[in-house]
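We have chain Y already, so just place chain S on it with the hints.
Taken in order, these protein sequences are the chains called Y and S. For the first sequence, the working numbering gives the first residue as 17, with consecutive numbering after it. For the second sequence, the working numbering gives the first residue as 17, with consecutive numbering after it.
Since the hints were derived computationally from the structure, they do not count as laboratory data. Be aware that one or more of the hints could be misleading.
Since the list can't tell identical chains apart, any single copy or any two copies may satisfy a pair.
With a cut-off of at most 25 Å between alpha-carbon atoms, the simulated DSS-like pairs for lysine-lysine come out as follows [said to hold, decoys possible]:
{"#": "1", "residue 1": "Lys438", "residue 2": "Lys366"}
{"#": "2", "residue 1": "Lys51", "residue 2": "Lys392"}
{"#": "3", "residue 1": "Lys449", "residue 2": "Lys366"}
{"#": "4", "residue 1": "Lys32", "residue 2": "Lys366"}
{"#": "5", "residue 1": "Lys346", "residue 2": "Lys138"}
{"#": "6", "residue 1": "Lys449", "residue 2": "Lys46"}
{"#": "7", "residue 1": "Lys438", "residue 2": "Lys138"}
{"#": "8", "residue 1": "Lys449", "residue 2": "Lys512"}
{"#": "9", "residue 1": "Lys138", "residue 2": "Lys349"}
{"#": "10", "residue 1": "Lys349", "residue 2": "Lys449"}
Number of protein chains: 2
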Amino acid sequence: MPQDKATRRPRAETPKGFRDYFGAEVTERKAMLDKVAEVYHRYGFDPLETSAVETVEALGKFLPDVDRPNEGVFAWQDEDQDWLALRYDLTAPLARVAAQFRNDLPSPYRRYAMGPVWRNEKPGPGRFRQFYQCDADTVGAPSVAADAEICAMLSDALETVGIPRGDYIVRVNNRKVLNGVMEVAGVLDPTNPERFASRARHRPPRHRQDSTALAKPASAPLLGEGRKDESGDFTKGAGLVAEQAETVMAFMAARRDTGAATTARLRELVGTSAMGSEGVQELETIAELLDRQGYGPDRILIDPGVVRGLGYYTGPVYEAELTFEILDEKGRKRQFGSVSGGGRYDDLVKRFTGQSVPATGVSIGVDRLLAALRAKGRIGTDTQGPVVVTVMDRDRMADYLSMVADLRNAGIRAEVYLGNPKNFGNQLKYADKRASPVAVIQGGNEAETGTVILKDLILGAQIAQNATLEEWKDRPAQVEIPRAELVAAVRKMLGK
Amino acid sequence: MPQDKATRRPRAETPKGFRDYFGAEVTERKAMLDKVAEVYHRYGFDPLETSAVETVEALGKFLPDVDRPNEGVFAWQDEDQDWLALRYDLTAPLARVAAQFRNDLPSPYRRYAMGPVWRNEKPGPGRFRQFYQCDADTVGAPSVAADAEICAMLSDALETVGIPRGDYIVRVNNRKVLNGVMEVAGVLDPTNPERFASRARHRPPRHRQDSTALAKPASAPLLGEGRKDESGDFTKGAGLVAEQAETVMAFMAARRDTGAATTARLRELVGTSAMGSEGVQELETIAELLDRQGYGPDRILIDPGVVRGLGYYTGPVYEAELTFEILDEKGRKRQFGSVSGGGRYDDLVKRFTGQSVPATGVSIGVDRLLAALRAKGRIGTDTQGPVVVTVMDRDRMADYLSMVADLRNAGIRAEVYLGNPKNFGNQLKYADKRASPVAVIQGGNEAETGTVILKDLILGAQIAQNATLEEWKDRPAQVEIPRAELVAAVRKMLGK
Chain Y
17 MPQDKATRRP
27 RAETPKGFRD
37 YFGAEVTERK
47 AMLDKVAEVY
57 HRYGFDPLET
67 SAVETVEALG
77 KFLPDVDRPN
87 EGVFAWQDED
97 QDWLALRYDL
107 TAPLARVAAQ
117 FRNDLPSPYR
127 RYAMGPVWRN
137 EKPGPGRFRQ
147 FYQCDADTVG
157 APSVAADAEI
167 CAMLSDALET
177 VGIPRGDYIV
187 RVNNRKVLNG
197 VMEVAGVLDP
207 TNPERFASRA
217 RHRPPRHRQD
227 STALAKPASA
237 PLLGEGRKDE
247 SGDFTKGAGL
257 VAEQAETVMA
267 FMAARRDTGA
277 ATTARLRELV
287 GTSAMGSEGV
297 QELETIAELL
307 DRQGYGPDRI
317 LIDPGVVRGL
327 GYYTGPVYEA
337 ELTFEILDEK
347 GRKRQFGSVS
357 GGGRYDDLVK
367 RFTGQSVPAT
377 GVSIGVDRLL
387 AALRAKGRIG
397 TDTQGPVVVT
407 VMDRDRMADY
417 LSMVADLRNA
427 GIRAEVYLGN
437 PKNFGNQLKY
447 ADKRASPVAV
457 IQGGNEAETG
467 TVILKDLILG
477 AQIAQNATLE
487 EWKDRPAQVE
497 IPRAELVAAV
507 RKMLGK
Chain S
17 MPQDKATRRP
27 RAETPKGFRD
37 YFGAEVTERK
47 AMLDKVAEVY
57 HRYGFDPLET
67 SAVETVEALG
77 KFLPDVDRPN
87 EGVFAWQDED
97 QDWLALRYDL
107 TAPLARVAAQ
117 FRNDLPSPYR
127 RYAMGPVWRN
137 EKPGPGRFRQ
147 FYQCDADTVG
157 APSVAADAEI
167 CAMLSDALET
177 VGIPRGDYIV
187 RVNNRKVLNG
197 VMEVAGVLDP
207 TNPERFASRA
217 RHRPPRHRQD
227 STALAKPASA
237 PLLGEGRKDE
247 SGDFTKGAGL
257 VAEQAETVMA
267 FMAARRDTGA
277 ATTARLRELV
287 GTSAMGSEGV
297 QELETIAELL
307 DRQGYGPDRI
317 LIDPGVVRGL
327 GYYTGPVYEA
337 ELTFEILDEK
347 GRKRQFGSVS
357 GGGRYDDLVK
367 RFTGQSVPAT
377 GVSIGVDRLL
387 AALRAKGRIG
397 TDTQGPVVVT
407 VMDRDRMADY
417 LSMVADLRNA
427 GIRAEVYLGN
437 PKNFGNQLKY
447 ADKRASPVAV
457 IQGGNEAETG
467 TVILKDLILG
477 AQIAQNATLE
487 EWKDRPAQVE
497 IPRAELVAAV
507 RKMLGK
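Just chain Y, same shape as in the assembly (with noise of 0.2 Å):
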């Protein structure tokens, strides 16, 4: 029969290009982001949450065409006909309370910021409008001393969620050398350094997110007009002609075995331009800086082939690469890449104030980083759902929620079956679909004895996939306690 228009029913989708997140998914990434606040924190950032709406005056001239407003983000006019945005990084609002409370906030304000952003892009695989970014900033140190904290503080968090030392290297490269280099090749203007810097900077900056590795054949094209990535993502690329790509691609080719030697090339390389020289001071500076905390070349490493950013980034640009390999979707080994970036930008504030604010940050990729450590195997394991007390006789559920109280009591995660209990059935159904590791089972004739039965759901599923008679014996999947013994007899179940 066909549905009357009138009464027609909604869809129940989510809008195209979003997703809802449930059970472990929300679990381990605030178990991950939790692990890499605790290490901000302990660097002495502090939390800012800015709200998800700006004006898209505060936001900024990033859009591709003034006069259409909701390009690139989502946005609609208040009641004033101001119009307001989503925001689309966590950048651009922490230049606007930068601006907005600068007189009240400590200087250098270092601040770390965890949320969702939004982006009105075409949707691809794994590519969604809503995402999670992670980010740490430091406003108002002109020091180099504070990009060398955020590499050290990057490669920390990186170890503390669950990435060994020895499968990351943070990659340091700086702006200023690249200037320096292509000064000396008579490709830059020394009177205007910021020539082509000023024909990407107002870009959203999707780099500090992007979780597409650069491979390094690949890197030409971002040098250049820009590149698209195989899920269609268009990354603008530094606008640099021809001739100023190939000065650069010596200059990327610049790494040597150790540090020294690399920074020694880049000396030769930049050769008289003083921006050169102060981009490879500045860099033997932040290579002496982490050495002497303990963070060598097996953690953080100069690297001129680190590229992304660099038409953005004013100064120090840093990057963090996985270096496992994983199986591609065809199969092919390949390196895990970049889950994270930053780099130093002096003007964040300029657009609000006039007044120039050194600041330096880092962005670490959420669902990319996640997608590692699961790769990796260290989360994702434990997903076991709770104590499921089925219901025999439905006019003893005061004694099935007693023992679910006992349970909790316990510290133990526990809940009586709550659908209609008619079919015993779907109550273990039920339980196997919720990951229960443990069955109570209380009929009449336990009732009038006093006790409860226990099923082990785990132990029952290997039974039934493949042990042996011997182990059945050792551990019983199905044990009948006293009620008393409920809890105890519960923990050793769970092994607890």
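Same frame as chain Y, but now just chain S:
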């Protein structure tokens, strides 16, 4: 000099009705929600994080004016001209999820959700357009055992976050009892018990987070057309006419000294009404189940005086009220009031699937509960900042950073001053602004002799205020110690 219009600087402001949360405001809320989540988890509830954006179609006909889809919510059209909106609560997305994934989710589906929601309403003092909700719902559980469980969980959650027993009460009422009372009074058609329920059903269930205490004398308007609270926010009433409202007032006064006496009085009031009897029976069952789990009337109470949400819910209704007194803005004592509410609503998924699915759930007013914990001095006492290592000689930055690294590796929150180090006074001002407990100082003399100076900034501040000379002698506000003993000495000064 007037600014050129073309280069007018953007205003650094949040949109009207939005705000930012800094430092402890973020961590205190997070700590509270973490504790609540732990309780919900122990009760067998799983987290769900839906997207912030929903289709207006999925959010439903909550809108006062369908021709202006951005009334009440923040909405915009996507590239296909479909209307999208920011979620206004966590219940509407749950309804969508429960329908969309009905074949995959366990049934009953027990989920909790925590996160921001958005309302396009007139902002007021303390009333923002983005605020947190914290919900737990059981979908697909017809038994009032599910309602009893939510009440017990709410009680546990309040005690776990720091509201002592005796300082709160969870009150339980039942819509069916009210219906029965009205049926007996001849103001409700028993063949159409939903008649006036439907008049209020589709309004946004703001009451689930509504932070305004429901003072008893002010309740009558809530039964009629509605009421404006002090902030100017309008709470729509149940839509009863005067005669009905009188009947309801009698019902509301039915609370007696014990739960048994209350339900006995309710039995009298509902007389022969089948629905009324069913409602009283449900209340009796809830009271019995809770009692058996140890939740007596000192924590959870049958109270017909609960009217919030009666127009929206279809069965049991519950509300958590904080009973201690605070001073209002005019210095008058008043009870803190409601921090949470919920109830049973059985048509959650019906809009999407045509099938009725029983559901019950609760929402905690996050900002309201945080305010209560602050009023009780349970949070906001520990806002200690990091140890600050000052910079006396910028050429020895590596030394200062290695001090910071030693402290951090010992788990002590620490940072080096990263602003311009020229003015040492600024560094101490910075440490003060960060609420730093200890400043570490190493000038040229100390560096030569291998020592550092520790300044106890907390003690320093106390001495400056009121300490006696004796105390000063006992615990010096400044000590010089060997560099090698930095961690131990700082730890001692922190009292760790």
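Hint-by-hint comparison with the structure:
| no. | hint | in the structure |
| --- | --- | --- |
| 1 | Lys438 to Lys366 | between (68 Å within a copy, 23 Å between copies) |
| 2 | Lys51 to Lys392 | within (17 Å within a copy, 29 Å between copies) |
| 3 | Lys449 to Lys366 | between (55 Å within a copy, 24 Å between copies) |
| 4 | Lys32 to Lys366 | between (36 Å within a copy, 23 Å between copies) |
| 5 | Lys346 to Lys138 | within (24 Å within a copy, 54 Å between copies) |
| 6 | Lys449 to Lys46 | within (23 Å within a copy, 30 Å between copies) |
| 7 | Lys438 to Lys138 | neither (48 Å within a copy, 50 Å between copies) |
| 8 | Lys449 to Lys512 | within (23 Å within a copy, 46 Å between copies) |
| 9 | Lys138 to Lys349 | neither (28 Å within a copy, 56 Å between copies) |
| 10 | Lys349 to Lys449 | neither (34 Å within a copy, 51 Å between copies) |
Violated hints, listed in ascending order, are 7, 9, 10; each of the other numbered hints is respected by the structure.
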